[in-house]
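Undergrad: Quick mapping for you: the protein sequence lines, in order, are chains A and B.
Be aware that the first sequence starts at 1, since it is given in my numbering, and climbs by one per residue.
Be aware that the second sequence starts at 1, since it is given in my numbering, and climbs by one per residue.
To be clear, the hints were calculated from the coordinates, so they are not data collected in a lab.
Some hints here could point you the wrong way.
Computed list of chain A residues with no C-beta within reach of chain B, every gap over 12 Å [stated by the list, open to error]: (1) R202; (2) P215; (3) E227; (4) Q274; (5) H298; (6) G324; (7) R339.
Cβ-Cβ distance ranges computed for the label pairs, FRET-style [claimed, not checked]: (8) A:A50 to B:S19: 38 to 48 Å; (9) A:R199 to B:D17: 52 to 62 Å; (10) B:V69 to A:Q263: 26 to 36 Å; (11) A:N304 to B:E180: 52 to 62 Å; (12) B:D96 to A:D212: 51 to 61 Å; (13) B:S19 to A:R287: 35 to 45 Å; (14) B:V69 to A:R287: 36 to 46 Å; (15) A:R199 to B:D96: 33 to 43 Å.
All of these numbers come straight from a predicted model, not from anything done at the bench.
Ideal Cβ placement from N, Cα and C applies to all residues, glycine included.
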Amino acid sequence: MKTCTLTWDHQNRLRGDVAASSPDVVILFGPRELVAAPELFSDFRTRFPASHVLGCSTGGQIHDGVVSDAEVVGLGLDFAETTLRFASTEIKAHAGSREAGQALGRRLACTSLAGIFVLADGLALNGTDFVAGLAEAVGEHIPLMGGLAGDGARFEQTLVIADAAGRPGIAAAVGFYGEAVRLHHGHAGGWDRFGPKRRITRSRDNILFELDGRPALELYERYLGEEAAGLPGTGLLFPLRIFNPANPDHDVVRTLLAIDREQGSVTFAGSMPQGWVAQLMRGSLDRLAHGAGMAADHARIPDNWTGEGAAFLISCIGRRLLMGQRTGEEVAAVRAALRRTMPVVGFYSYGEISPHLVSGFSELHNQTMTVMTITERAA
Amino acid sequence: MTLLHSLLQAQIGNCTDKSGTLDLQSLLKLISEAYDEQDSDRRRTDRSINLMVEEIETANGELERLLEVKSDELTSVRLALDAAMQNTSQGLLIVDAGGRITAYNQRLIELLAFPTELLDRRPYFSELLQWQMDRGEFSMTPEELVAWIMSGGIVNSPPVYERSRPDGKVLEVRTVLLKEGGAVRTFTDITERKEQLLALQRAEHLHRSLFENAAAGLFRATVAGRLLDANLALAQIYGYQDVAGFLVMANSDSRWHAVDRDTRTNFREMLFASDRIIDFVCEMEQPGTGHRKWISTTAWLVRDAEGAPIHYEGSVTDISERKSTEQRLAYMATHDSLTGLPNRAFLMNWLASEKGRASAQRSITIHCIDLDDFKDINDDMGHAIGDLLLKQAAERMEQLLSKGDFAVRLGGDEFAVVQIGAKSTGSVERLAARLVRCLSRDYRIGKKSLVVGASVGTMTNADPRVAGEHLLKYADIALYSAKEAGGNCYRLYDSDLEARYARRRLIETSLAGALQRNEFSVVYQPILSLADGKVHHYEALLRWNHPTEGAISPAEFIPIAEQCDAINALGELVLRQACSSFAMARTECSVSVNLSPVQLRQRGFIATLVDTLATTGLLPHRLTLEITETVLLSDNPTTRAQLRDLRALGVRIALDDFGSGHSSLAYLKSYDFDQIKIDRSFIAERELSRVNGAVINAVIQLGRELGIRVVAEGIETERQLEDLRALGCDMIQGYFIGKPDAREHWPDLQPAPAEQPGSSRRVA
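Between the sequences and the hints, there should be enough to build the whole structure, so can you do that?
TA: Shown next as structure tokens:
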């Protein structure tokens with residue numbers, strides 16, 4: 001497997017190790033404005049006529065050990081043996097998230113499928129349902145990795161590039177087939193739970209109305225204090241840990257996506273089942289960075305592995321918001337854990353997709369650093 | 001160079017361009033922003049902590065409050081539980097997971113006689129069992145159960161079992177295992193329940209036994225009529241030996257059904273109207289075979305508490321026999337058992353019915369038949385022989401009948417033959433004549449040959465207005481006419497007979513009471529002795545003064561009295577009065593009393609006579625009994641014996657009306673007579689005719705030879721007297737000598753003044 005790292009911006013256009021042979025797929029991440037620009041796609045298409053182009057808008061790009069906002073970063077993957085298949089689907093409605101995942105999955109399902117990298121519109125769908133539908137279609141044991149497109153801290157519009165200029169309302173994925181490819185993954189949160197456990201007393205899908213009979217928004221406003229004016233963005237500072245009281249060990253972390261002042265409700269990036277238990281979380285820089293390092297550890301390619309690889313980092317916009325200038329520390333932690341020679345790209349998303357380290361089933365994560373490494377055995 | 005903070009390093013790096021120039025302003029800005037971020041972060045943290053502390057305090061307060069509430073609740077529950085435990089009628093024992101007794105109630109102590117101290121120290125369950133075992137608690141329990149109880153501890157106990165305690169109580173022991181381990185055990189005293197169950201079973205058994213073994217058929221049926229239950233007796237009525245088989249048949253199409261189609265409807269109407277039916281009689285038929293049975297059903301409806309009918313039940317008896325008995329009785333009521341002929345009741349019914357109504361096209365003739373002298377046969381030969389004769393007579397009658405006619409036995413030796421639709425008087429008379437002839441032929445009974453006569457009275461009616469019963473009356477009158485004519489003949493009814501019949505009936509019916517009413521009197525007629533011209537003898541004669549008819553002549557009523565058996569009483573009256581009068585008379589005159597053959601035939605006659613003589617004190621030789629020839633006609637050894645006995649008493653016997661009947665002189669040979677009374681017919685003319693005179697002369701001579709006195713009756717003139725004297729007659733009697741008159745009239749017969757020694761009066 002061969003890789004080439006690429007960048008793009010309005011001034012300099014497509015730059016990078018373009019001399020590399022034609023990659024099978026080019027994966028790129030960029031700020032919304034740039035991803036929306038038709039020139040971006042046309043440049044890539046011109047340069048790589050035979051490649052699939054997959055990408056999305058973000059809340060920040062990761063390139064090597066650095067986080068930036070100004071440019072588009074990308075990675076081209078050229079496989080020797082592994083075959084790829086590309087698919088995209090429209091997300092007709094929020095309620096059709098599961099169906100969208102299933103539709104996408106049906107196009108990629110195959111006995112030799114080794115794994116899938118998927119990007120989807122971050123605002124238009126229910127991430128939990130979408131991932132569940134996709135897993136249903138391809139099989140629960142297939143590792144699904146990827147994330148939901150972001151839009152900085154604005155939460156206005158998220159775009160996905162699927163062999164076309166960036167558009168909202170779609171999901172796209174590439175499947176890797178064959179014996180040669182290897183995918184490793186890891187994720188970690190690093191957020192600390194604090195305060196009392198509360199019961200989700202009223203919710204619908206991913207909209208939380210009430211906790212312990214009080215409006216959910218009220219809780220956030222209280223804890224955010226002076227920072228409440230920055231909702232929904234500042235809501236990222238207090239993710240919510242939720243779990244089924246019958247299964248207290250299997251918890252998930254949810255990211256706030258939107259608020260409704262009238263309803264007093266808060267919308268999250270995943271399902272908020274009524275009757276589940278919720279607990280606020282807060283972040284500490286050190287632990288977040290440490291967590292990122294742990295995630296990278298899980299995704300390491302074994303030392304005895306010969307062959308090139310690449311790493312994708314998909315972290316959560318909430319972490320970036322918290323860590324501020326020191327966001328780089330978590331990326332650096334990942335960088336340090338992985339092979340020096342391995343290219344690392346990624347983005348800050350509205351939702352991360354990765355197999356759960358405990359259960360093995362692919363899920364939507366929030367406020368999480370997910371690391372995926374992909375490699376092909378040496379010929 | 002000191003190691004710089006990584007952030008500062010990064011910031012410196014970000015603000016240094018490619019040429020290495022540091023943009024200080026940007027750097028300072030970044031540093032400032034970093035401080036701001038830290039401040040925000042710190043404030044955020046403080047805020048979080050404070051809010052958290054607040055929330056925790058609130059939550060704690062809430063928890064404490066909840067705890068208090070829960071504690072109170074728990075206490076209430078505990079109290080309630082304790083109360084429940086103590087107040088339940090069951091003994092309770094709670095064992096924890098470790099096998100220790102943790103709770104018990106007072107009732108347990110009562111039931112099982114545990115000492116409280118034993119349970120209070122929370123022993124192991126196994127200890128408790130052992131304690132019980134040692135005290136013989138399980139002495140009444142079967143060994144296998146005891147082994148089971150002792151073996152597995154409370155967890156492996158059988159979930160429910162019963163056992164008897166040494167004190168006689170029966171306990172039901174239940175064990176419920178608890179989810180967390182341990183168990184709850186309850187003990188219920190079921191002694192009473194068990195006793196009730198036993199009593200119930202016994203009662204059930206008794207009732208069942210009664211039901212099964214009852215002689216009458218018993219059943220229970222649904223309201224719709226479907227048979228639910230039956231006993232063996234009922235099954236047997238219908239020819240089944242098992243109840244099950246019977247029930248199947250009874251509810252199938254091959255069940256017996258009522259012959260009368262309305263039976264079922266009637267039965268149900270009556271049952272549901274009054275809830276009870278008693279003795280519902282109906283005839284049942286078996287389909288296929290056509291066998292029939294009469295049954296009587298008594299049934300009652302059973303209702304529930306709201307009054308709705310649930311089912312009905314009852315008993316069934318096979319009354320086929322009763323029915324046939326009824327039918328037989330009905331037959332017997334209208335038929336004569338001896339001859340098999342219909343009886344008087346039958347005839348009366350028939351005559352009263354439509355069939356008994358005559359019309360011009362269909363005359364009805366009744367022949368009333370009486371067997372002459374049958375009474376003699378019955379008396380002499382006995383009833384057995386008499387019955388056989390009657391049977392034969394009946395058979396003979398039936399053989400003479402045409403189709404449609406029938407014979408009837410009216411009673412005794414009286415019969416009737418009904419002849420329907422005779423074409424002419426001739427055919428009627430022919431039948432009557434044939435009846436007479438046929439019935440008077442010899443009857444062969446055993447070795448004997450018997451003869452009776454037959455009298456027939458016949459009446460024909462073609463007038464529908466004449467009631468049937470009257471027909472019989474007319475035929476009866478005609479019969480009496482035939483009898484009067486001497487019997488052994490037939491007479492047709494004519495209206496003259498009516499009057500005579502009426503008279504006869506009158507006499508017959510009056511006779512019985514006449515004696516009680518003292519309408520009879522005895523009168524005496526003197527008999528003159530021609531030798532000395534004095535009266536030494538009187539004849540006693542019966543006189544009847546009927547209240548409405550006046551004097552009725554003996555010639556009329558005596559024969560009737562003889563026929564209806566009143567003669568004995570009358571004869572006894574005459575005898576007694578005569579003996580009494582003459583015994584008390586001042587003279588030694590003798591009295592003659594007429595004796596009816598009927599009297600003589602009476603078995604106790606001699607005894608009565610002896611008694612009369614003894615009672616009155618009359619010496620036997622002063623009594624003469626006058627008998628007529630008819631007595632001697634049958635030549636009966638009994639008669640002869642009786643006459644001999646009479647003479648042996650000292651009583652005189654006179655043969656009356658000599659010469660009026662068969663007059664066999666041979667009688668004089670066979671019997672000893674003291675007197676012969678020549679019938680008045682020989683004295684009838686003013687002067688004796690030559691023939692009569694010759695006869696009288698012969699008789700007188702005969703009498704003289706034999707030592708028999710001769711009396712001539714009916715003397716009414718002096719000439720007759722002289723004639724008889726000339727002939728040498730001993731005594732004469734007649735109006736010329738004296739008319740019969742009461743005793744008071746005759747001086748001879750007045751009572752003697754006082755007792756005299758040597759008188760003929762005997763001390764009674």
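Undergrad: Each of the hints needs a verdict: does it hold here or not?
TA: Evaluation of the provided hints:
1. R202: The assertion about R202 of chain A holds, with a minimum of 20 Å to chain B.
2. P215: holds, 16 Å
3. E227: violated, 7 Å
4. Q274: Fine: 22 Å to the nearest Cβ keeps Q274 of chain A off the interface.
5. H298: H298 of chain A is indeed farther than 12 Å from all Cβ atoms of chain B, at 24 Å.
6. G324: violated, 4 Å
7. R339: Check passes; 22 Å lies beyond 12 Å.
8. A:A50 to B:S19: 38 to 48 Å: holds, 40 Å
9. A:R199 to B:D17: 52 to 62 Å: holds, 55 Å
10. B:V69 to A:Q263: 26 to 36 Å: holds, 34 Å
11. A:N304 to B:E180: 52 to 62 Å: This hint holds: roughly 53 Å between Cβ atoms.
12. B:D96 to A:D212: 51 to 61 Å: violated, 38 Å
13. B:S19 to A:R287: 35 to 45 Å: Holds, at about 38 Å.
14. B:V69 to A:R287: 36 to 46 Å: holds, 40 Å
15. A:R199 to B:D96: 33 to 43 Å: holds, 35 Å
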